[in-house]
Structure formats: structure tokens, C-alpha cells
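Asker: Chain residues, written in single-letter form:
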Amino acid sequence: MVFSSVLFLFVYLPLVLAIYYSLPRKFRNAFLFVASLIFYGWGEPTFIVLMIFSTISDYTHGYFIDKYRDRPRLPKVLLVSAMIVNISLLGFFKYATFIAEALKALPIFSSMTVPLIPLPIGISFYTFQTMSYSIDVYRGDSPIQRNPVSFGAYVALFPQLIAGPIVRYKDIAHQLNHRKETVARFARGVRIFLIGLAKKVLIANQMGMLWDEMRKTMGTNGILGAWIGILAFAFQIYFDFSGYSDMARGLGNMIGFEFLINFDYPYISRSITEFWRRWHISLGTWFREYVYIPLGGNRKGMGRMLLNLMIVWFLTGLWHGANWNYVIWGVYFGVLLMIEKVFLLKRLERTPSWMQHFYALFLVMIGWVVFYFEKTPEMFAYFGHLFTFANGLIGPNALALFLTYLPLMLIAGFASTPAARRIYEKIRDRKAVSYAEIAACAVVLVLCTSTLVSQSYNPFLYFRF
Amino acid sequence: MRLKKIGKDAIIIIIFGVFLGVFGLMYLVMPAQRFSVNEKRVLEPEPKLTSRTLFSGRFGADFEKYLSDQFALRDFFVGLNSYYDLCIGRNGVKGIYAGKDGYLIETPVEYDEKNLQKNVEAIARFSGEVGIKPDFMLVPSTGFIYDDKLPAVHYPYNDDRIIASVESALGPGVDPVDLIRPLKAQKDTEQLFFKTDHHWTGRGAYAAYRAYCAEKKLRPVLMDRFNIQEEGGFYGTTYSRSALWLSSPDTIELYWDKADSRYEVEIPEAKKKSDSLFFLSHLDAPDKYPVYLDGNHGFVKIANKNVKDGKLLLIKDSYAHVFVSFLAQNYSEIYMVDPRYYKQSLIELVEENGIDSILFLYGVNNFVNDTSLVRLK
Numbered sequence: 001m002v003f004s005s006v007l008f009l010f011v012y013l014p015l016v017l018a019i020y021y022s023l024p025r026k027f028r029n030a031f032l033f034v035a036s037l038i039f040y041g042w043g044e045p046t047f048i049v050l051m052i053f054s055t056i057s058d059y060t061h062g063y064f065i066d067k068y069r070d071r072p073r074l075p076k077v078l079l080v081s082a083m084i085v086n087i088s089l090l091g092f093f094k095y096a097t098f099i100a101e102a103l104k105a106l107p108i109f110s111s112m113t114v115p116l117i118p119l120p121i122g123i124s125f126y127t128f129q130t131m132s133y134s135i136d137v138y139r140g141d142s143p144i145q146r147n148p149v150s151f152g153a154y155v156a157l158f159p160q161l162i163a164g165p166i167v168r169y170k171d172i173a174h175q176l177n178h179r180k181e182t183v184a185r186f187a188r189g190v191r192i193f194l195i196g197l198a199k200k201v202l203i204a205n206q207m208g209m210l211w212d213e214m215r216k217t218m219g220t221n222g223i224l225g226a227w228i229g230i231l232a233f234a235f236q237i238y239f240d241f242s243g244y245s246d247m248a249r250g251l252g253n254m255i256g257f258e259f260l261i262n263f264d265y266p267y268i269s270r271s272i273t274e275f276w277r278r279w280h281i282s283l284g285t286w287f288r289e290y291v292y293i294p295l296g297g298n299r300k301g302m303g304r305m306l307l308n309l310m311i312v313w314f315l316t317g318l319w320h321g322a323n324w325n326y327v328i329w330g331v332y333f334g335v336l337l338m339i340e341k342v343f344l345l346k347r348l349e350r351t352p353s354w355m356q357h358f359y360a361l362f363l364v365m366i367g368w369v370v371f372y373f374e375k376t377p378e379m380f381a382y383f384g385h386l387f388t389f390a391n392g393l394i395g396p397n398a399l400a401l402f403l404t405y406l407p408l409m410l411i412a413g414f415a416s417t418p419a420a421r422r423i424y425e426k427i428r429d430r431k432a433v434s435y436a437e438i439a440a441c442a443v444v445l446v447l448c449t450s451t452l453v454s455q456s457y458n459p460f461l462y463f464r465f
Numbered sequence: 001m002r003l004k005k006i007g008k009d010a011i012i013i014i015i016f017g018v019f020l021g022v023f024g025l026m027y028l029v030m031p032a033q034r035f036s037v038n039e040k041r042v043l044e045p046e047p048k049l050t051s052r053t054l055f056s057g058r059f060g061a062d063f064e065k066y067l068s069d070q071f072a073l074r075d076f077f078v079g080l081n082s083y084y085d086l087c088i089g090r091n092g093v094k095g096i097y098a099g100k101d102g103y104l105i106e107t108p109v110e111y112d113e114k115n116l117q118k119n120v121e122a123i124a125r126f127s128g129e130v131g132i133k134p135d136f137m138l139v140p141s142t143g144f145i146y147d148d149k150l151p152a153v154h155y156p157y158n159d160d161r162i163i164a165s166v167e168s169a170l171g172p173g174v175d176p177v178d179l180i181r182p183l184k185a186q187k188d189t190e191q192l193f194f195k196t197d198h199h200w201t202g203r204g205a206y207a208a209y210r211a212y213c214a215e216k217k218l219r220p221v222l223m224d225r226f227n228i229q230e231e232g233g234f235y236g237t238t239y240s241r242s243a244l245w246l247s248s249p250d251t252i253e254l255y256w257d258k259a260d261s262r263y264e265v266e267i268p269e270a271k272k273k274s275d276s277l278f279f280l281s282h283l284d285a286p287d288k289y290p291v292y293l294d295g296n297h298g299f300v301k302i303a304n305k306n307v308k309d310g311k312l313l314l315i316k317d318s319y320a321h322v323f324v325s326f327l328a329q330n331y332s333e334i335y336m337v338d339p340r341y342y343k344q345s346l347i348e349l350v351e352e353n354g355i356d357s358i359l360f361l362y363g364v365n366n367f368v369n370d371t372s373l374v375r376l377k
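So the protein sequences, as listed, match chains A and B. Quick note on our numbering: the first sequence kicks off at 1 and runs consecutively. Quick note on our numbering: the second sequence kicks off at 1 and runs consecutively.
Keep in mind that the hints were calculated from the coordinates and are not lab data. Where a beta carbon is used, it is the ideal one built from N, C-alpha and C, also for glycine.
Some but not every residue of chain A turned toward chain B, in silico, with C-beta under 10 Å:
#1 11
#2 41
#3 46
#4 202
#5 396
#6 408
#7 435
#8 442
#9 451
#10 454
Stretches of chain A that chain B covers, calculated by requiring three or more beta carbons in the stretch to come under 8 Å of a beta carbon on chain B:
#11 13-21
#12 173-186
#13 398-404
In isolation and in its complexed conformation, chain B is listed as follows (with noise of 0.2 Å):
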């Protein structure tokens, strides 16, 4: 019995003590990562011991931030925390909710109804300066269109109260595009919005670009126009933010237009030129929705030769990425601006390029939370 009790006693210490020490011993044996993958950021470096650093409790802080970023197995903990969390009922408590049939879908929306009302007299203002009544389109959250792939407990969502408040406010400065009824109709015979991202999918935008066609009076060009490209092994945002590794990839695609197209794009800021909307480099990274128009860029403009006419700045967010595949079909010249990145006057843009349409497209996750809006010019 004595001999018994030992035995459970030292099997614990053993555990505890040769736990502690693997994982410590770790730091030394393994090299340092200097990139997180998953996370897109560059991690923690080892922080530089100096008295400064030491007395202000810099070091100290630093040095916690180190070591969990450098944690041997960090995906793996951080995984099973996540599956940890489901099984506890905390769905969503990351910002995700892991929804039915793969969704990972972003939680509602926070914001601050102030900056909300910023950005909308910012487009007010614009609109009365720049003399082009734009068109306007705020893209819905995937929750809110694929409410029935929702975990049966979650936070209400109100895109359509939010689009409409905006509308609303925004008067008749603008001509407001309504995604919803095009994007729910269509939701259940295509998939509108990737599972493992927050973007939509090419089906998607392409539902919202048969709705701008509409309300434009512009002729759609058809999908059988395009010869598609499928590529499987894409995990987007809201797949590296759950961390539920074991969740399916999504499949991404590439419109190619099956006529000869003859377009120029050009995105100055990173002295790139290509003829081609799509950027193939990016199909290698999970990650793949830059593959269109290159992701994140303050300018760029792409020029359909095969169109005569038809000049459009495109103020927008990454959800415009996907969408201008089709859209560039339509115009001769599209300006495409990030007014996160781009500081100069559209003003002048629109007045020294002789553009004659203006459309606002934003999601709406993005559009309440902006803050570079309020900087149009």
C-alpha cells in the first residue's frame, strides 16, 4: 500500500517535472521562427537586455511575448485550444464561429456607431465635391447571407439594418446598389462565400456584378464566357484565425476570359505590369485570394483594350479584387484606390483621367470600422 502510494506520487512528479523541462529544454534546442505562417506576422525577436529595458519592465514583457511566440509545437497548442473551446461550447469566442458544412464564419461585426457616421458624411461630402453621382455597395458578412450554416447559439447580425441605416443617411448623393436580395436568392444553388475566408467567392461577385450591370444599364458578360480554373488548397483569414486546423481547404477560382483579352494592369507602388488580372505566384501560399489583382495595393489600373469606353474609379476594399474579373469587361479604364494606401487627390485623378463613373464597394465589416474614408479628397 505505502509502496503504492509512492508510485502514484513519483509517476505525477515525473509527468509534471519532464513536461515542464521538455518544453523548456526546447527553447534552447530548437532555432528561433521568425515568421508566423498562419498569423501573417513577423514574431517576437529576442529581446535585447538593457538597463533601460530591464528597469522599465520592457524585458520582462518582451520576454513573455518571446517565449509563447517561440513555444515548440505553438500550432499545435494553439489548435487544440481552439477544438478545446468547442467542445466546451465557447464557439466564437475567437472571432469565429465554426458553423455547419465547413463555415467558418466571422462573428457579427463590432463597431462604433461615431466612426460609422464619419465615413458616411465622408462619402456625403465627396460625393457633392468630386460632381459624378456614385454608385454604392456594401458587400453582407458571410453570416448574414449563410445565416442557416450558423451555430444554432450566436450573436444576432444586422447587415441589413446597418446597409440600410447608411443608405438612408447617405440620401440621394448616391445611387446604393442592395446586394442582399441578388446574394440570398442565389445563396443555396452556389457557394457565394468562401468557408475558410471572410471574402466572397467568385460566385459572389459575380452575383453583385450581375446586380451593378442591372442597375447601370451595362450588358453582363456571361459566365460561359470563361474558361475557370480551379484551384483546390486555399485556407483564407478566418481558417488561420479560428486555428481549427482540421477544417477543409475552400476552392479558389480564376475567370480566363476565352476570347483573346488584351488587358494592361499596372500597380505603380510595386513596379509591377502584367496582362493578366490574376497573380499566380499567390496560388503557392495557402492563403490564395491575392492571386487576384495582386491583394493590397493603394492603385491600380487595369485597361481592357478590347473595350472602347467607359472610365471607372473604383474606391474599395479587398472585396473588389474578385469582383473587377468581371467588371473589367465593362470599362475601358478602371482606376481601382485603397484610400488606406492612396493619399493623393481623386479629385485630380478623376479630373486629368476624364473618368465618368464612381463606385463605392466595400464590405460592410470593413466599411463601419474604416478610418481612411474620412481622408477622401
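Looking at chain A on its own, in the form it has when it is part of the complex (with noise of 0.2 Å):
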């Protein structure tokens, strides 16, 4: 299920608000658990079963890291078996096809056929924090969980479920069983949740269109045609992916729970280092915490600082799909993050402050370009678009569709920057302002309803035939 739906938006959340705030407290967890599987089942149900085998599998590892604490080593074993199960889940599902396929590369494999394997909806998000788990009671840094129902639903909660953020067990594992659900709270969860419902369905869906047209007629549309396309599918991924993320918070909100804030306006970066410090926060602090610090970080000198960024940005790639073209795009922001943090970052300092900008956004758009081309032809030809002359400056199939969504464009810019919020809190407590907050959560809800439901209108116009 997705939160941007009819079936999510009134069907299953009005349900779930309901149930979760007519039962007592004490069963308001295991009512998550069940209502979180239902919600991740609905699509494919058997992937449940997988779901649970990683909770089962995380539970007991914590369990038993915890009861054998003073142990030598056993702890450690219990850990890594707790990793492998894991990773070996994530690897299988995720990566089977895509290891198969480069292993056929080398002549001894090349007979070897390639398994097909569908890809569970969130595993890259749940093992990660399932991973957290065991590593934060390993460390001693959060308590153990040991009421299973509970641990069950951090893991399946389905506001983080399927698109996160990644929720480090020891940043909630308080709030599970002793968390407050208040008015304040739940209505600032709606507020957040239909900002998210607006930056999806409002903005992200039509930039997915703009960049979906644009590429029709990608061989005429022009250097300023290529730039305005993936412009729109940069604003496209940011609107969805964060979009996601606060609907997600929102409804934690809405049922007590206090998620991180996981994209901190990415695109008013001045460097790659600023960028990837807002966006999918979640996760860098996942790779950081549980793969660059214990490896060593930077306290072991530079070369080592190097390659452990290395080892990161590959695996930071990596977990954004299984294929080359995202290991090159995490490996091509660990080289600019290395330079950026051997000489570039001071001297950047002292550039002016537009020319920070547009270095950060040139970069991450080129960034952009490497993530979405999965065919390496595609991807060279769409730089020959966007650095060459070659088509012209702009195509009429190009100009049409800019001017047809500058309007959105320039919503979807404004939206980048946090000029919005800064106003809001300078005037939130006028009365007008109260009002007008008010009318502007009806009006997104109205909008976005109208625009779910009309992607089901859909005329059977024998006309034309």
C-alpha cells in the first residue's frame, strides 16, 4: 500500500486512527504490529513471511547478545550471525540478479543463468534498521526489547515501512512503550503529513511527467531542453523521497511517535559535503554510525579516512539499486567528497556565495543524470544533450512543455528553500495566519483528493476507435 492512495487515505487510515485510539494503551503496539502487516501485505503477502523471519531473527540475536554480555566473544559471534542473516536477506533478494549478471562476465560463469528475483517492497529500509538493533544492544547504547510484539512493530511500522526514514532502533526505542499521544502533536502530524501528500501528488507526480515527456523527444529538445529535463526529474526525486518522508513523520506523529526529519532542504547546498548532510539524512547517518566510524573513520590518518569514504560511497550507491549505474553514482560523490574535504571545501569558503550554489547543484544534477540512465549508452548520450550544441538551444516540443509547467517549476524552486517556513514563523501567530493555515490544510486535502481520483479517470473513447 502507498500513502498517496485512495484505498491508504480513506479506507485504511481513517480505520487505523480509530481502532489505535479506542483500545488501551497497552495494546495500541500489538494493534500496530497486525495493522502494519495488513498495510505491508496488502501488495504481496507473501513477503510477509520475510519480513517476520528478519524480525524473529534480529529479536533473538538481541536476546541473546544481551543475556551473554560478559561472555567472552560470544557476543561478538551472536553479532556478526546477526549481520549475516541480514545481509545475506538484502544480498539475495536485492543483489542475486545483479551479482549473477556481472559474475557471467567472467568466462568460467558465462553459461550460468541469471535468476530472476522479485524485489521485496522495503527490505533495503527494514534490514537496515533491524541491523540497528543488534548493533545498538551489542554496543550497550540502547536497551534490549524484550517484549516481541513491541520489537515487532518498530520493525513493520508502517509509516516508516516501506520508503523510511531508516528509524535507528535507539532513537525510538524509548518512545515505544512510553510515548504521548497529544492534540498538539497529532494536529502538527497532520500538518507535516499534508505537506508531504502535497509535495508527492501536487508537485513530485507532475515533475515525473514534465521529465516523462520531455524524454519523447530527448534527440531535439536542445542543451537548455536536456538541462530543463533533468531540472524537472531532480525536482521530481526530491518532491517524492521527501514527500514520502514526511508523510511518514506525519503519521508517527499522528500516533505518538517523534521521527528524525530526514531532507533538510538538499538543494540550498553550497558544497556535495553540505548536500549530503540534508539529503536522506536517515541513511548517512546509518552508513556513518554502523560502517565509516567503525571502521575508523578519520582518526586513522588520511589514507585510511580516504578509503573508508571509498568503501562508503560504494556501498551508499549500491543500496539505491542493484546496478552499475548507482554503484557510479555513490562512488562519483565519494571522489568529490574526498576533494572536497582535502582542499576544496576552504577554498570554496572564500568563493562567492551564488558561486557555491550553482558548484553544489551542477554537481548533484550531473549526479542525477548518472542515477537515472541505467544503460550506460543512454546516460553518455544524455550529456552529449545537455554539453553540446548538437540539437540546438531549445527544441518547440521542448519550449511548449517548459512554458506549460514554468509555473510548477518556479512552486517546485520556492518549495526547495526554506523562505516559506522562515515567513511562516515569523507571522504563525497572527490570527489571520491561524485562518489561513486552516483553509490551506482543507485546500491541499481537496487538491490532492481531486487529483488521486482522477488518475482512475480514464475515457474508453471508442472514437478513435
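Starting from the two chains in their separate frames, assemble the complex, guided by the hints.
Answerer: If you want it as C-alpha cells, here you go:
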């Protein structure tokens, strides 16, 4: 199930909230666990088994790690075992095809048949979450969760199950059993959820359409058309992903949780280093805490730090998808971060700020080209469109599309900056603003509903036949 | 201050909860709709829950379709979305431009060059086999003829280039009849295309009929030969697709011969026979275009007992239906064939009935995407 669907908004969510609040507190986690399994299993019930398996595995590992804490070596063995289980799950279901195809390039494997394994939804997110639990327990950073139902609720929690944020166990351990649902928190949840819904339904989807349309006439769009196209994709991926994270945080608030923020206006960054502090923060944090720092981080000299960075960014790239372009994308940022760490960041700081913004955005956009095109020849062809005048400045279709979407792109650009938020914070206590806010919530609800409902509006007009 | 804050929060929660809850409850309260008039399709039925549909994910997907199709006030929300898109500048995203003077115009056709190539080859081959040199007419789209009614920002219309390339590819095997010039010449004096439908009006078809007669050296009947019956309230296909519900309807015209007409119209597949070119029951529906010859059928035979000779095979799409209102005055028999539904041999049809003329008549948007012409035989 996805948040931006009629089913979720008008059936699942009202039911879940109504039942949740009519239950006494002690049953709420159990209910959340069951409700989350239904949420997850709606699309493909088979994979519930996988998630429950991962849950049981880490629950048990955590339990014994804690129990044998004082023994030598045993906790470490258990931790390694927990990691192996999770990484094998992820490795098999997400990367088996990719690895097999890579191996096929070697002569001895050339006759191997490549298995086609469907990717279970959310597996990249929940395996990372369960791993964080075992590690946190091992390190003594968080207490163990003795109640399997509460632990199950943590892993399966529907708000962040399928698209993050990746909630580390220690950030939520206390809330699992001691959270407070309040009117203020619920209302904040509604606001954040609606902001996220609007980002997804009113901006990201439309930017996606623009990008799709642009690609139909890729060869004649001209250099400006190519840049507008990739800008549309940049908006699409940001508003889609951060919209989902906002919806997750909002839903969490509605049931009393507080999740950490996942996107912090990444497109206003002045360097790649800053960009990655603002983009998908929960993933960056995860890799820093559980990979980069354990590898020694920057404490073991320059050479080791660069190696660690490379490892982390190789993995970050790979996490995004089982294809070489994601690896290249990750390594590309790894290299940029290295360069910035070694000398560039200091120099950048001495340049005018518009230049820093330009530098960061330019490199991020180049990154999106690598990220989008899974096939290398298409990627290179697009770079050709971006950097040569072979197709002129802008084609007629690209121009019409650009003008059609200009208002929305301006809105998207504005919404990528914290300007609106700053204004709101200054004037929020005025009475008129309160009314405006209430009206805005209603308008967003109605507009998003109308957009979702019209997606199924599909006149079958046999005129054309 | 504190109280006020809670007041605002409470209102936001109530709006949210009531909105989701009420529209959720509507599913229980409202009876399921089975058919959508605007979309002309059967709506998604309530999906059946079996272990097979559940585990394949079918149930989940169908259920979402069912919920969207059955959403309370669905037409209102769909329309609201269309007007919102217009406000935000996205004119044409549903494939229909909201133009000037109430014109709802299809965006330029998208097509596959290879498919067009195949259609052209099929017609060239058929023309060679049938032994009669066909006439060939492609009707340009509304947006090409009424380019002045288009919104300021729109995709380019290339109907002239498409038609020219088709005709040059067909070469001397067919006689092309140019419609762009006569339609362009009259577009400001008469309404040649509907505003809420993709078809041409009777006036547009008449202009084409004159051009055809000139090409064939036939004597065209004059407009004043007809009693014109005007029917308002026509909401056609571009209206349905745009979902811009506040648009004004078109008027559709029926052309009744002032003299005694003696038509025999046969539609074997629908077991219908009539002495009129107009099927008036369709005037009750919002989309009234099927009033001409009862809409789409694979085979329709139109005989005019007032005309002595001339037997025509008309290979066509729906643009032909109104065109026949005039053309039937010049042929004793018209065999109207829609290759999408008519699978038998046309060559045999020609031989068995002594047909002496052939005309291809297609809207250019349909022609480029047609996939049935390749089967012509």
C-alpha cells in the first residue's frame, strides 16, 4: 500500500486511527504490529514472511547478545551472525540478479542462467533498521526490547516501512513503550503529512510527467531542453522522496511517535559535503554510525580515511539499486567528498556564495543523470545533449513543455528553499495566519484528493476507435 | 494563548478526520455505480477475494481501482483537477487543450513512424490488387485547421507534413484529395469542427464533399437542398476527456432532404434496417455523433433509390459518417466498411457487387495509429 492512494487515505488510515485511539494503551503496539503487516502485505502478502523472519532473527540475536553480555567473544559472534542473516537476505533478494550478471562476464560463469528474483518492498529499509537494533544492543547504546510484539511494531511500523526514514532503534526505543499522544502532536502530524502529500501528489508526480514527456523528444530538445529535463527529474526525486518522509513523520506524530527529519532543503547546499548532510539524512547517519566510524573514520590518517570514504560511498551507491549506474553514482559522490575534504571545501568558502550554490547544484544534477540512466549508452547520450549544441538551443516541443510547466517549476523551486518556512515562523502567531493555515489544510486535502481520484479517470472513447 | 493554540490544532484534526472519514463512509452508504457515462466504460467491479487474487497482488491492485472508480463525487473531483491544472498552466496534460471560444482541442497526435509506414504500404498493395484506383482523403485535426483557437503555448501540429508524406509515399497508385486548402479557406465563415468533439461538423464534411466532387467531376448537391435540424446539448469526446465540465455544448445538425428521399440503410451486424441516414435515438445521449449512421459498425450498406448508378466502396473511420449525409446523393449504393471490424475480403466485395469507385476517408490522427489497415485484402 502507498500513502498517496485512495485506499490508504480513505479506508486504511481512518480505520487504523479510529481503532488505535479506541484501544487501551497496552494493546496499541500489538494493534500497530498487525495493522502494519496488513499495510505491508496488501500488495504482496508472501513477503510478510520474510519481514517476520528478519524480525525474529534480530529479536533473538539481540536477546542472546544481552543475555551473554559478560561472556568473552560470544556477543561478537552473535552480532556477526545477525549481520550475516540480514545481509544475506538483502544480498539474495536485492542483489542476486545483479551479482549473477556481473559474474557472467567471467568466462567460467558464462553459461550460468541469471535468476530473476522479485524485490520485496521496503527490504532495504527494514533490514537496515533491524541491523541497527542488534548493533545498538551489542554496543550497549540501547536497552533490549523484551516484548516481541513491541519489537515487531518497531520493524513493521507502517509509516516508515516502505520508504523510510531509516529509524535507528535507539532513537525510538523509549517511545515504543512510553510515547504520549497529544492533540498538539496529532495536529502537527496532520500538517506534516499534508505537506508531504502535497509534495508527492501536486509536485513530484507532475515533475515526473514533465521528465517523461521531455524524454520522448530527447534528440530534438536542444541544450536548454536537456537541462530543463534533468531539473524536472531533480525536482521529482526530491519531492517524491522527501514527500514520503514527511508523510511518514506526520503519520508517526499522529500515533505519538517522533521520527528524525530526513531531508533538510538539500538543494540550498553550497557543497557536496553539505548536500549529503541534508539529503536522506537517516541513510547518511546509518552509514556513518555503522560503517564509517567502525572502520576508523578519520582517526587513522588520511590514507585510511579516503579508503573508508570510498567503501561507504560504494555501499551507499549500491544500496540505491542493484545496478552499476548506482555504484558509479555513489563513487562519484565519494570522490567529490574526498576532494572537498582534502582541499576544495576551504577554497570554496572563499568564493561568492552564488558560485558555491552553482557548484553544488551543478554536480548534483550531473549525479541525477548517472542515477537515472541504468543503461550506459543512454547516459552518455544524455550528457551529449547537456553539453553540446548539436540539437540547438531548445526544440519546439521542449519549449512548449517548459512554458506549460513553468509555474509549477517556480513553485517547486521556491518550495525547495526554507523561505516559506521562515516567513511562516515569523507570522504564525497572527490570527489571520491561523485561519489561513486551516484553509490551507483543507485546500491541500481537496486538491490532492481530486488529483488522486482523476488518476483513474480514463475515458474509453472508441471514437478513436 | 494556550487555549487558542489547542483550538486551531483541534480544528485541523477535525477537518482532516472528517474529510477522510466521511468519504470513507460513503463507500458503505452509496450504491456502487456500474457505468460511467462520461468515460463510456464499465467501472471496476468489486474485486473478488480469493487466495489466488490475494497472493498474486491482483486483489490489492483491483481494489484500488475499484475505490477510485467508486469515489463519492468522483466527477466533481475529476473536474476540479482539470480546472486546477488549467490554473497552474498545465493546459493540455489530459490530451486536450482548452482553446479560445470554448474549443476543446486534441493535442497533436503521437504516432510511430513504422506503423504509419505499414499502413501506407498496405494501401499501396491493396490498390494494386483491387484493380480500381482509389481516392484518398485524410481529414486534418481540429488543432491544425483552427490553429488560431489554440492556447498560446502548445505543441506544433504537423498535419500538413504528415499528409504530404503519406501522399507522396502512396505515389500515383491513389488519387489524393486535398482537404487542407478548402477547410482552411472556410474555417472563419463556418464552424467546420466541433468544439467539444474531435470530429468535423456537417459543415466541415460538406466542404470536403465539395472538394471530392470537384476531383471526381460529380455534381455536388447544394446546402439549400436540405432542411437542417439543429440539436443542441451535444457534449462529445474532447469534452469527456478534458473533464472541463463547465464548457458549453455544441449543436449538431441533421440534413434532411427536402425532396422525398428513398434510402435503404442496412447494418447486418446490428440487424438494423432503416430508411434514414440518421438514428435519432442517439440524440438522447450527451454524445450525439452516433446519430449519423448509428456510430461505428464493420459494414453498412446505404442504397439511394433516387440515384441510378455509381457504386462506391468507402473504407473509413467515423469521420465518414456525417460525410455520407451528402455523398449518398451521388451514389446508388455505398458499401461503407470499417476495417477494424470487417475482416472479410474487400476484393470479393468489389467483384460481387460491381463496385466501380473506392474512397479511403480517415481522420489523420486515426490513420497514423490504425492497426487494422494492414489486414486489407
